[in-house]
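Number of protein chains: 2
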Amino acid sequence: MEGGLGLEPVLIAVLSGVLGLAVAAFLAYYVLKQSQGSERIREVSAAIKEGALAFLGREYRILAIFVVVVAIILGVVPALGWLISLAFVFGAICSGLAGFIGMSIAIRANSRTAAAVQKSLNHGLRVSFRSGAVMGMCVVGIGILGLSILYFAFGDSADFLKIIPGFGFGASSVAIFARVGGGIYTKAADTGADIVGKVEKGIPEDDPRNAAVIADFVGDNVGDVAGMGADLFESYVDSIIATMTLGMIAAIAAKNHLAILLVPDEATAWFLPILVAAGGIIASIIGIFLVRVSEKLQMGALLNALRRGTFSASILTAVFSFLAVYLLDANIGIFWAILVGLVAGVLIGESTNFFTSYAYKPTLRISRASQTGAGTNIVSGFANGLLSTLPPVILIAAAIMVAHHFADVYGVAIAGVGMLATLGIQDATDAYGPVADNAGGIVEMSGLPPEVRKRTDALDSLGNTTAATGKGFAIGAAGLTALALLLSYTQAVGISLAEISLLDPHVIAGLFLGAALPAIFCALTLNAVGKTSFSIVNEVRRQFREIPGLMEGTAKPEYARCVDICTRDSIKQMLAPGIITIASPVVVGLVLGPLGLAGFLAGAIVTGFILAITFANAGGSWDNAKKWIETGAYGGKGSEAHKAAVVGDTVGDPMKDTAGPSLNIMIKLISIIALVLAPVFAGFAGLI
Amino acid sequence: MEGGLGLEPVLIAVLSGVLGLAVAAFLAYYVLKQSQGSERIREVSAAIKEGALAFLGREYRILAIFVVVVAIILGVVPALGWLISLAFVFGAICSGLAGFIGMSIAIRANSRTAAAVQKSLNHGLRVSFRSGAVMGMCVVGIGILGLSILYFAFGDSADFLKIIPGFGFGASSVAIFARVGGGIYTKAADTGADIVGKVEKGIPEDDPRNAAVIADFVGDNVGDVAGMGADLFESYVDSIIATMTLGMIAAIAAKNHLAILLVPDEATAWFLPILVAAGGIIASIIGIFLVRVSEKLQMGALLNALRRGTFSASILTAVFSFLAVYLLDANIGIFWAILVGLVAGVLIGESTNFFTSYAYKPTLRISRASQTGAGTNIVSGFANGLLSTLPPVILIAAAIMVAHHFADVYGVAIAGVGMLATLGIQDATDAYGPVADNAGGIVEMSGLPPEVRKRTDALDSLGNTTAATGKGFAIGAAGLTALALLLSYTQAVGISLAEISLLDPHVIAGLFLGAALPAIFCALTLNAVGKTSFSIVNEVRRQFREIPGLMEGTAKPEYARCVDICTRDSIKQMLAPGIITIASPVVVGLVLGPLGLAGFLAGAIVTGFILAITFANAGGSWDNAKKWIETGAYGGKGSEAHKAAVVGDTVGDPMKDTAGPSLNIMIKLISIIALVLAPVFAGFAGLI
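Which chain is which? The protein sequence lines are A and B, in order.
Per my numbering, residue -16 is the first one in the first sequence, and the count goes up by one each step.
Per my numbering, residue -16 is the first one in the second sequence, and the count goes up by one each step.
Errors might be hidden in some of the hints.
Claimed, not checked - Calculated lysine-lysine pairs in the DSBU-like style (CA-CA distance at most 35 Å, straight line):
{"#": "1", "chain 1": "A", "residue 1": "Lys626", "chain 2": "B", "residue 2": "Lys16"}
{"#": "2", "chain 1": "B", "residue 1": "Lys16", "chain 2": "B", "residue 2": "Lys102"}
{"#": "3", "chain 1": "A", "residue 1": "Lys539", "chain 2": "A", "residue 2": "Lys344"}
{"#": "4", "chain 1": "A", "residue 1": "Lys539", "chain 2": "A", "residue 2": "Lys626"}
{"#": "5", "chain 1": "A", "residue 1": "Lys610", "chain 2": "B", "residue 2": "Lys102"}
{"#": "6", "chain 1": "B", "residue 1": "Lys344", "chain 2": "A", "residue 2": "Lys555"}
{"#": "7", "chain 1": "A", "residue 1": "Lys344", "chain 2": "B", "residue 2": "Lys16"}
{"#": "8", "chain 1": "A", "residue 1": "Lys555", "chain 2": "B", "residue 2": "Lys555"}
{"#": "9", "chain 1": "B", "residue 1": "Lys610", "chain 2": "B", "residue 2": "Lys102"}
Claimed, not checked - Which residues of chain A face chain B? A partial, calculated answer using Cβ under 10 Å:
{"#": "10", "residue": "Val179"}
{"#": "11", "residue": "Tyr343"}
{"#": "12", "residue": "Ser371"}
The set of hints was computed from the structure by calculation and includes no laboratory data.
Virtual Cβ for every residue (Gly too), placed ideally from N, Cα, C.
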């Protein structure tokens, strides 16, 4: 690769990655040196740890087979080759590693948070938030180091442009299975436990008599931590890869006077997104250390502490991005594109918060509708989810127009990098939620006093709010990233602007087929949760029926059986949605040709975007509508309105935590597959 | 307009239209001369009639204001003018008329069906089916005559191509308000009655003690008859208009050697779709008279009778279409395009049947999921709806590819006409359902013996099956028609194939915004049903609380109050979704320009298609999953599984009967607005 700047920018990237990992190590050391609490706490935590590691081990073994098979296919296809195959395997390993490290700390932080929260709420927040930050820093650190290693290894290769997407493909493949498998696990265990426990037996959440309760805790770790880690890792690297590819193609085109000059050369096209990402890491580290609260605190103060962190990180990222653009002597328009991505991401997060928090009207309306039963609660929540697509869609459309105005298609891509640059801290605020949730469960299981549980509930509730914001942000970023990958694909496959007409029948047919993919994907994941939770419900019912003294608390349930069922079923069920997703762009590309595939991607991206927001926000608002009733509204806990709201929450759970987030990965995965396969499809017209 | 064939084809069209209306008059005469039954039956029927006419009167008064305002706007905009305005008003009147006539016969046929079914099931079927056929024949007769009148009045005008879309715009505008207003009415009354009656008080459906029961019956007429009539009228004329416009533009282009020659001249381009439609009318008439059953009969025989009718009509339509293509000396490829549309429509209907009938696995799976509660029932049904998008999407994509292969974009448009040509009989099988439903209610209210109710239940259940098939078919046709309108729009506005690139930022931004429109539209209609049914629930509860002796049957509820609330609220609530739909293409066109508008239409069409199928089939399968449990499965009526299934049905009702079908209209309406406004947007680049 040619370039004028030598190695300095990539050294900055390596340094920021190393710094990120060092901070992760420091935070992990802090978390691990905390007290593990009473023997009972340690006992529960050990059971969770065992179940979580067993699941991850089994999942990774299956994924290893998948990765080897795909790597061989990539290697033997003449237009692709073994270097792409190697990048693919490397991406898969990095993704798996990010998820594994994140989960390893989470399953150790839960007991420590439970112990810490006995001292004070502040202490609990610090332990759980820092454990979340370990994962955030690992994701961004491994991501940027992985890309740098690729650069050192293959930067001089003529095929470099073909090799980097392989890395993203590996990361995305692991992510989809991890997200879907973990998502099925966590929601099947959760709804299974709730249906028998809360609805049928009327015992509280996390009650030790419920056989599915340990499986539920394990689920938080394998789904909401490990699954999410892989998810965010792929968002992060895919957005950078999309920008690099587009930028390098544009730079080559500009050299041949085919396009306007946005970046001075190929090397800069490569360095710019990685420098923006590096700036985001530094900004996130500073933001993480700004999350502090005074000893005497309230809910509002907690939220403000987190917001101060993310907000500062955003501003710093903007500053660092400006420096990167300036140092690399790139067009200033690129900076505006980065900024618009950053701002749109924050605003999408805020709109998500508006539609899902019970501080605002939309969620309160769902609580009110619960008075007339589960049916009206469901319709109201679903309508809320649908309505909530408006602000993100307008923001994304505006971001696309503005970014394109300033820096053409490259602007659209780098706006996605801008949106994701603060991932280090965003991920920390996300990943701390399940740790707090687990800690709450451990407190309940260990029979600690109710005021301790109240503290973990406060942490958990705060986690829900930040998770909602984080989800909106992740969806927005996924939309932009997938779009950037689609643009890269069209460039790589050599489709001209004029060819890919909305009036071409291949494009139209692809558009329709693509629009159906997210629907079918969601159907499969929702059904998978349904099937698995059906098994769990029957198992928990059986234990209540067959184990004498269980309901009275004189006998213990067989937790391990539920853990086993969840592990076995969710791994079995994750295969179909994942394989269909991976196969679909290949089949469409072969049948409809590269134009049809472009239409397919566009259809899947827009519909996937709409469904992902609908599911995430409907689910979030059902959850919080229930929480609002639990604060005493409309009769409070145990009232008819509450029962109706619990049904809504049961419906929303698999939507917001299994199907919805998996869509983010899906739209990026099919786009990156198209990009990887571009050399195969180039010059190919399709079978029909 | 030039042409070689003179007036013969249009005379054939006029004759077929007149024949259709004559058959409608004959069938109406048959229905009206039947006995009206006992005094009690007549009393209930009179109350329904009064409520339905009151609603329609109020609705049409509001619509009149709307039509006048839009007509003035169309008239004063320089690029449009008063002729378009006139066509718009004419289209609106025709649509209103079709709905009004259909409902007028339905509110008279309900009591007569109730009386006839006392004699025999066969007699009941004949009265109700023939009343449905009155509407079917009126819709197609008025449609084809309206278009012929337009031809006689303006056929020689240079602006003829601009004028005809005005007619479709008028029809679509009335349709969206009628469908949404009627849909809100019927589902708010239905769910309101069910929530208090079935769920809270445990009294049977249609029990006279329920204050909302008359409103529920009125709803069947204003929503499922009048609303659907306007809906199908607009589908019918829009598909013909889209084909005419495309064909005439293509013929003009061919004359100037800009396109391949598919039709010999402009006149043929105009005559061909109308001749196909005329053939469809004759075929439908024959099909209607083939719906006969022997006196001794079973459910299977009933269904077969209806299928024999629709199937024969489809085959005859294919034959007549071939004759039309041959007589007009058009390219034989056009015949294949018509045929592929016809076949795809039938297959989409069959796939809908598979996903919603309890004779097949998908619906049985929902029944099974009801055992673990409402939550799992909902998730399972929703997943089923999402999954059911696969066959229609593949069929539509294949139909597009095949039709385009044989006859270019003109083929895509006329495939839609082929799909809708048998509307006369399809509509009859659809419209008879609500009449049977009403008759069942009247039987219950009149205290007739249970075996009579069983017969009306059989008719009703048959109606549900045919309605599901009809819905799938209507959605498929809507997808093709909207697509044809989009293609006409791009031709009319002068966008070349090359300009409308999927990579253009305006197109991409439009695509995202368009994808959100169906979601937002559904959110508004679902919320409208929710709000209105909330009022109904409170009113019914109030009456049970405040009227002494109501529950014991010694006092009568105040039915009129529920009717009033429904009328007032549903008319109020229909405005926002309708106006937003109509305003959105105008706003997007002005802001993003004609390219952005094309992207917007494409996004709305594909997402609307997916959501419409999801909602229709999820709703249908929830309904039938409940019905399956009512046959005795999983504990039968009154079991926990049944209660869960009732919740699913409550959720599905507004989806399948309000939001879903309105989406069909919506995607055509925004497309035809774009086509009408094409002269305004031509050469305009948008504000940004």
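Checked against the structure, which of the hints given earlier come out wrong? Violated: hints 1, 3, 5, 7, 8 and 11.
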